[in-house]
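Number of protein chains: 2
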Amino acid sequence: MPETETSRPNLDAIRAAARRIEPHVHRTPVLTCEAIDEVAGCEVFLKCENLQKVGAFKARGASNAVFSLTDAEAEHGVVTHSSGNHAQALAWAAGRRGIPAHIVMPTNAPMVKKNAVLGYGGIVHDCEPTLESRLEVCREVAEETGGTVIPPYDDDRVIAGQGTIGLELLGQVPDLDAIVVPVGGGGMIAGIAICAKALSPRLEILGVEPEVVDDAARSRLSGRIESHAGDPNRTIADGLRTTLGERTFPVIRELVDDIITVPESEIRQGLRLVMERAKLVIEPSAAVGIAATRSTAFRAKGYQRVGIVLCGGNLDLDALPSLL
Amino acid sequence: MPETETSRPNLDAIRAAARRIEPHVHRTPVLTCEAIDEVAGCEVFLKCENLQKVGAFKARGASNAVFSLTDAEAEHGVVTHSSGNHAQALAWAAGRRGIPAHIVMPTNAPMVKKNAVLGYGGIVHDCEPTLESRLEVCREVAEETGGTVIPPYDDDRVIAGQGTIGLELLGQVPDLDAIVVPVGGGGMIAGIAICAKALSPRLEILGVEPEVVDDAARSRLSGRIESHAGDPNRTIADGLRTTLGERTFPVIRELVDDIITVPESEIRQGLRLVMERAKLVIEPSAAVGIAATRSTAFRAKGYQRVGIVLCGGNLDLDALPSLL
Chain Y
1 MPETETSRPN LDAIRAAARR IEPHVHRTPV LTCEAIDEVA GCEVFLKCEN LQKVGAFKAR
61 GASNAVFSLT DAEAEHGVVT HSSGNHAQAL AWAAGRRGIP AHIVMPTNAP MVKKNAVLGY
121 GGIVHDCEPT LESRLEVCRE VAEETGGTVI PPYDDDRVIA GQGTIGLELL GQVPDLDAIV
181 VPVGGGGMIA GIAICAKALS PRLEILGVEP EVVDDAARSR LSGRIESHAG DPNRTIADGL
241 RTTLGERTFP VIRELVDDII TVPESEIRQG LRLVMERAKL VIEPSAAVGI AATRSTAFRA
301 KGYQRVGIVL CGGNLDLDAL PSLL
Chain E
1 MPETETSRPN LDAIRAAARR IEPHVHRTPV LTCEAIDEVA GCEVFLKCEN LQKVGAFKAR
61 GASNAVFSLT DAEAEHGVVT HSSGNHAQAL AWAAGRRGIP AHIVMPTNAP MVKKNAVLGY
121 GGIVHDCEPT LESRLEVCRE VAEETGGTVI PPYDDDRVIA GQGTIGLELL GQVPDLDAIV
181 VPVGGGGMIA GIAICAKALS PRLEILGVEP EVVDDAARSR LSGRIESHAG DPNRTIADGL
241 RTTLGERTFP VIRELVDDII TVPESEIRQG LRLVMERAKL VIEPSAAVGI AATRSTAFRA
301 KGYQRVGIVL CGGNLDLDAL PSLL
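Respectively, the protein sequence lines represent chains Y and E. Take the first sequence: its letter number 35 is residue 35 in my numbering, and every next letter is one higher. Take the second sequence: its letter number 250 is residue 250 in my numbering, and every next letter is one higher.
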């Protein structure tokens, strides 16, 4: 489908996104930690999106989407269905523009997540805990309000926004051999891959996902969007339980060099290592990049300098003992 | 005692320390967090010494002391008695110079602390868990080895090293109204006060300590070194249980504008706030600065822009639930 190919976000779209969101998001720091270098067997540069607004990279895509709207569009607000970081990020971004954010969440979503959205000024709409109900309520709310639907990852504005991570990282750290990126729906890795391959074609892009939600690895092998091998609830990396989308998969198939899957035990050890030695609070999904460096597949690459995206820091401290 | 007054470290000594330790320590980042600004009622700039080498500001003083030694002195190594961050920092700094570090620790010190010192290449010497035994074993080891004793805070080389925090912070953030510094033995606040008052006399320096270890507040009132009101083991801020020293107290008496004491409940809330919202792992001693911003004494100052030193990040994750 040449039309889809040519209409995907490119480096210019990512540069435009960077200018658009610059007044709103943090240029997150890149930190290093000798103990992590030792574990990884190479120099590691941690891109700290856990220190991003709303505690996750999702602030980038959401604010790019919200500030891309015309005034006429924006007036009616934005709508999404999500119970994760995208919900908070969209509520926050809409608040920055002074427009309503309608967030459709299942009735069984944890109160802490609803409260986070409400805390950023979002309007929560209940739905049943099924994908059908989510989509239906989302469509109803969009129709009633005239609001623009901003999906969590399968959206060019969102992909371009997440791509600004790559733009920043390449400016902050010269001569990287690879960037390691957690993969859920694929919006972040698609944006980063587009940016990095345009600026530095020999730089490799590695996706990482938990073994039990290995849809990206399976999709890359089969050439079409696949589901997970296991029950998504079996991974502690709750941000990575989704599957790839129609907009993200073609980019990943073309530009991502490899997808590494990591066992839960390594994700837990990675979480502990980052918190104990790098002194950063991260959520379990952000630990998969550290876990990847322990794999045979990673070791075989022989990289010297690697960027790892710590994608978020929204950890439930009270649940921490069960995650270590 | 004019001699003592004139021989204390000055701005030049701190600048020399900065040059000396620059190849070894991190220039730690300054981070901001809207949620903390809201709690504090002013703009807060977090000086992240939790991200320092060995996870605490102690790396600065220890490396300044170790690299101040002549080759002839250094050859015999360094000696200290400490079971806290100074022990790890001295072992680390000595390792950087390739000389032995002899650390005297009580037999009842936690294995995790002994292992941390051993991990940095330090040599652990056992003593009884009394101050008398610590001092005696320390003296014996120094005599046997010819090593130089580097105390944890009551030492001009250490004070000058800790003062480099102030030098960096003033370069990183213009127009601060105050710097808030946790006070244990007083080495850090003495160094920062000397530096800040020399460079920006109207900038105020506030010390903070837990209510149950209020020796600095009491000493400031009485004009001589006092002990604590309560049992030091009753505070979770274990790094602040010591009392002021002969070298640090005169500096604090002259240059520190106020000492604020904070209750344990506020220290716990500060710890949670920094971890949940700023996404930084800190040790309880580093939470007292956040706690101070909630006090009536702090509010009465009407500061607009405040630096807070997050002094360390060596938190026992497995003990975290009992600290929140």
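Since the hints were made in silico from the structure, they are not lab data. Watch out, some of these pointers could steer you wrong.
In silico contact screen, one side only, chain E against chain Y (beta carbon under 10 Å); selected entries [stated by the list, open to error]:
1) Gly-55
2) Ile-99
3) Ile-123
4) Val-124
5) Asp-126
6) Arg-272
7) Glu-276
8) Lys-279
9) Lys-301
10) Gly-312
11) Asn-314
12) Pro-321
Backbone N, C-alpha and C define an ideal beta-carbon position, used for all residues, glycine too.
ask   = Are E/Ile-123 and chain Y close enough, Cβ to Cβ, to be under 10 Å, as the hint says?
value = 21 Å, violated
key: Hint status (Cβ of E/Val-124 to nearest Cβ of chain Y, threshold 10 Å)   = Cβ of E/Val-124 sits 20 Å from chain Y, so the hint is violated.
key: E/Gly-55 as an interface hint toward chain Y, with CB separation required under 10 Å   = 6 Å, holds
task = Please verify that hint: E/Lys-301, Cβ, nearest Cβ of chain Y, below 10 Å or not.
result = Violated - the Cβ of E/Lys-301 stays beyond 10 Å from chain Y, reaching only about 28 Å at its closest.
request  = Would you check whether E/Asn-314 satisfies its interface hint, that is, whether its CB is within less than 10 Å of any CB in chain Y?
outcome  = 8 Å, holds
key: Hint status (Cβ of E/Asp-126 to nearest Cβ of chain Y, threshold 10 Å)   = 26 Å, violated
query = Are E/Arg-272 and chain Y close enough, Cβ to Cβ, to be under 10 Å, as the hint says?
reply = 7 Å, holds
inquiry  = E/Lys-279 was flagged as interface toward chain Y. Is the shortest Cβ-Cβ separation under 10 Å?
reply    = 4 Å, holds
Interface hint status, E/Glu-276 versus chain Y (Cβ within 10 Å) = E/Glu-276 check passes; min Cβ-Cβ to chain Y is 6 Å, inside 10 Å.
inquiry  = Tell me if the interface restraint on E/Ile-99 is satisfied: Cβ within less than 10 Å of some Cβ in chain Y.
reply    = 20 Å, violated
request  = Let me know if the C-beta of E/Gly-312 comes in closer than 10 Å to any C-beta of chain Y, holds or violated.
outcome  = 9 Å, holds
message = Does the closest beta carbon of chain Y sit nearer than 10 Å to the beta carbon of E/Pro-321?
response = 6 Å, holds
Hint compliance for this structure: hints 2, 3, 4, 5 and 9 are broken, all remaining hints hold.
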